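J.: Take a look at the letters that make up each chain.
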Amino acid sequence: DQQVKQNSPSLSVQEGRISILNCDYTNSMFDYFLWYKKYPAEGPTFLISISSIKDKNEDGRFTVFLNKSAKHLSLHIVPSQPGDSAVYFCASRYPGTYKYIFGTGTRLKVLA
Amino acid sequence: EAGVAQSPRYKIIEKRQSVAFWCNPISGHATLYWYQQILGQGPKLLIQFQNNGVVDDSQLPKDRFSAERLKGVDSTLKIQPAKLEDSAVYLCASSPGTSGEQFFGPGTRLTVL
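Protein chains in written order, with the numbering used here: chain A, 1 to 112; chain B, 1 to 113.
Derived by calculation from the structure, the hints in this document are not laboratory data.
As the structure is a prediction and not an experimental result, all values here were calculated from the model.
Some hints could be false.
Heads up, simulated PhoX-like pairs for lysine-lysine below, C-alpha to C-alpha not over 20 Å straight-line [as the list claims (entries may be wrong)]:
#1 B:K44 <-> A:K37
#2 B:K83 <-> B:K15
#3 A:K5 <-> A:K71
#4 A:K37 <-> A:K109
#5 A:K5 <-> B:K44
#6 B:K44 <-> A:K99
#7 B:K62 <-> A:K99
Turn these sequences into a full structure, and let the hints steer you where they fit.
T.: As structure tokens, this is what we get:
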């Protein structure tokens, strides 16, 4: 039973345009969400997070939106750069723990 | 600040053999995780340590997998005996426990033939 889903396995975007990566979850009790970026042969690196009490968090070119009623979060990258090409994972946390469930990832390719 | 170290980076073994992976977390990080990432999937938590105690090992196949974290620092993950379906990248991560962010090592790619 996949509690965290990233339904788009891949996404291609032109350099300078907006990239939107989506993530859906099923457990309404999740209280914290993170996005990680992963390059080949490297471990995932933390990108941005959001608490369930917020609906938006912004850090430079990266913004995460949370829609609790829809159990949906999205990562916006504006403007997209070729160096953003990587696999992006969303992760959701069980409340009161540091246990995370990861999605299957979306491979983003930013075309120059 | 040094990152999470893992070794070996790659390992190829025959099925039914044994293998062990090592992880050195970031200094001072109380929480340590082992994840299994099968190709095309997201990381799946195998075991979580808080200092040297196990917090969660509900998804660890205990008939063949074992892990320990001696003195609350380094950790080893062992598979004995290995099966073909154990082929995956094994990721170690640590966190200070005061924020959600986890810091991942580069992983060990295991191939079981």
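J.: It remains to establish, for every hint, whether it holds in the given structure.
T.: These are the hints, each one checked on the structure:
A distance of roughly 16 Å separates the Cα atoms of K44 (chain B) and K37 (chain A); the hinted pair therefore holds under the 20 Å criterion. Proximity of K83 (chain B) to K15 (chain B) is assessed by CA-CA distance (about 5 Å); at most 20 Å being required, the pair is judged to hold. With a C-alpha separation of about 11 Å, the suggested pairing of K5 (chain A) with K71 (chain A) holds against the 20 Å cut-off. For the given pair, K37 (chain A) sits about 12 Å from K109 (chain A) by alpha-carbon distance, which is consistent with the 20 Å threshold.
A threshold of 20 Å between alpha carbons decides the hint, and for K5 (chain A) with K44 (chain B) the separation of about 13 Å falls inside it, so the pair holds. With a C-alpha separation of about 10 Å, the suggested pair K44 (chain B) and K99 (chain A) falls inside the 20 Å cut-off, and the hint holds. For the proposed pair K62 (chain B) and K99 (chain A), the alpha carbon gap of about 19 Å is at most 20 Å, so the pair holds.
The structure agrees with every numbered hint stated previously.
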